[in-house]
Amino acid sequence: MTYALPRSWQALTNHAQKMRQSSMMSMFAADPTRATRYSMTAAGLTLDYSKNLINAETLTLFQQLFDDVKLRTSIDAMFGGDRINRTEHRAALHTLLRTSPQQVSPQLADQYGAVQASLASVKRISDAVRSGRWLGATGKTITNILHIGIGGSYLGPRMVDEALSPYDDGQIRCDYVANVDGLHIDQVLARLDPTRTLVIIVSKSFATVETRVNAESTQRWLRQTIPAAQLHLHAVAVTSNVPAAQAFGIADENILPMWDWVGGRYSLWSAVSLPIAIKFGFIHFESLLRGAESMDTHFRTASWPNNMPMMLAALGVFYRNFMDVGSHAILPYDHSLRLLPAHLQQLDMESNGKSVSVEGDLVPIQTGPTIWGGEGTNGQHAFHQLLHQGTQFTSLDFILPLTPHHDRQLHHDWLVANCLSQSQALLQGQNIDQLKFEGAASEKMPRVMPGNRPSNTIVMDQLTPETLGATIALYEHKVFCQAQIWQINPFDQWGVELGKKLSETIFEAIDQGAEPTLDPSTRELLSRYQQTRKVRSH
1 MTYALPRSWQ
11 ALTNHAQKMR
21 QSSMMSMFAA
31 DPTRATRYSM
41 TAAGLTLDYS
51 KNLINAETLT
61 LFQQLFDDVK
71 LRTSIDAMFG
81 GDRINRTEHR
91 AALHTLLRTS
101 PQQVSPQLAD
111 QYGAVQASLA
121 SVKRISDAVR
131 SGRWLGATGK
141 TITNILHIGI
151 GGSYLGPRMV
161 DEALSPYDDG
171 QIRCDYVANV
181 DGLHIDQVLA
191 RLDPTRTLVI
201 IVSKSFATVE
211 TRVNAESTQR
221 WLRQTIPAAQ
231 LHLHAVAVTS
241 NVPAAQAFGI
251 ADENILPMWD
261 WVGGRYSLWS
271 AVSLPIAIKF
281 GFIHFESLLR
291 GAESMDTHFR
301 TASWPNNMPM
311 MLAALGVFYR
321 NFMDVGSHAI
331 LPYDHSLRLL
341 PAHLQQLDME
351 SNGKSVSVEG
361 DLVPIQTGPT
371 IWGGEGTNGQ
381 HAFHQLLHQG
391 TQFTSLDFIL
401 PLTPHHDRQL
411 HHDWLVANCL
421 SQSQALLQGQ
431 NIDQLKFEGA
441 ASEKMPRVMP
451 GNRPSNTIVM
461 DQLTPETLGA
471 TIALYEHKVF
481 CQAQIWQINP
491 FDQWGVELGK
501 KLSETIFEAI
511 DQGAEPTLDP
521 STRELLSRYQ
531 QTRKVRSH
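One point on numbering: in the UniProt record's numbering, the residue at position 261 of the sequence shown is 261, and numbering is uninterrupted.
Since the hints were derived computationally from the structure, they do not count as laboratory data.
Among these hints, one or two may not hold up.
With a straight-line Cα cutoff of 27 Å, these simulated BS3-like cross-link-like pairs (lysine-lysine) come out [said to hold, decoys possible]: (1) K534 / K500; (2) K140 / K123; (3) K534 / K501.
Fair warning: this is a prediction, and the values are worked out from it, not measured in the lab.
Assemble the whole structure, with the sequences as input and the hints as a guide.
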């Protein structure tokens, strides 16, 4: 087996060398229509990608690259249910979770039937809790949801919860626990009333250590107040391991499914987001799905270069592979989206943080970049300094809702002004001749901004369940396209599994006094912990 670069790779390499020397300001001056030509609208989102080191030739070369890697064939295979997750021999059908009935292909009828049944359960439970029909063991209504999960079973729903906060009617409070650190579960349980709390346990295997430990601690907390025979009134599970959930005391009708054809970081479209349907109402959860489906339709049908996920993927590959840019920043200018960078970090880095191809070869080129970011304007007073004057530029996306969910227009005007000014400053910079004060060049140089630093800006009229769904789906498809170019599998995560396995070995050493084979450093660190633990136990 040998890893073969696409035929267009060398042409893109040569082209990038020229574009490194180009000036975006000069390209804008030469083409007054550049801003409108290099922008597109789809699924309620508008992408302005005009502030990038690209021209018409760049787009032509990426068309050739997409043809070389047979991207369209891969897209059809994913939506068609082919087993594109080759290392685990599974389909990747997260898009089916948000597909309308009339759009489902016949070969996926069985899987879609399961999806519809699961959605019906989500609606049944969410309606029962919100209407007050779901009563706890003491006859009280449910006012609090405690969601226990890890990874995609936690971060996705929590991010959506924060993003949809303007739609919160105050009826239900949701808390999310993931970390096995006991401090977190202690802090959350301390403020909850068990008689009014519904616990949602999310784990495909129902055996993930963090989730199992947190769930068992929560079960003991419930039993201090709730009789064992009535614990089922306070617990729901989302899992593929039904027997384990039953053994935990969860009623059959309150065990919702997970499937092996949906990965954790893509699972927020499923019953994993039951807390969202409960807190905001099933209608808003449905709207989230419809927004994502709208982006799915665009992705499947729009041609290049008018395909938004493909464009983000191309720009990312252009900087990662041909300009040696190692990180990409997500900068939402909306407080409700402050967790979006973390969700996209997991989506991208867990999917494309790979060094072995689908054929088992070592990949000789760079793959997934480091994804990071934060909300504006806070980031301007933290890390934007590096974006403007660092020794290597970072590619980045600004995300900006144009209409706020509040009446403080002055605040929003300043927020928008800051977002737009940041992208402008990155573009044009500031040379020494523009500095107005008198002084030597050595005094002025620290204030010089090189400019010519690329960015995308994604705008939406307002952050709604629909535009949120479209935004998340946009990045999912971007990641998929990049994986096809790099010839890697974005749907496995073997790098996560090794750490899990080794932690079990070390836990046995802590819990049972076993003597595992460890490297000297880890052995010394473990010994120090064991000594400290021994002192604490006396």
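Against the structure, the hints come out as follows:
With a C-alpha separation of about 25 Å, the suggested pairing of K534 with K500 holds against the 27 Å cut-off. With a CA separation close to 21 Å, the supplied pair K140 and K123 stays within the 27 Å bound. Taking the CA atoms of K534 and K501, the gap is about 25 Å. The hint holds against a cut of 27 Å.
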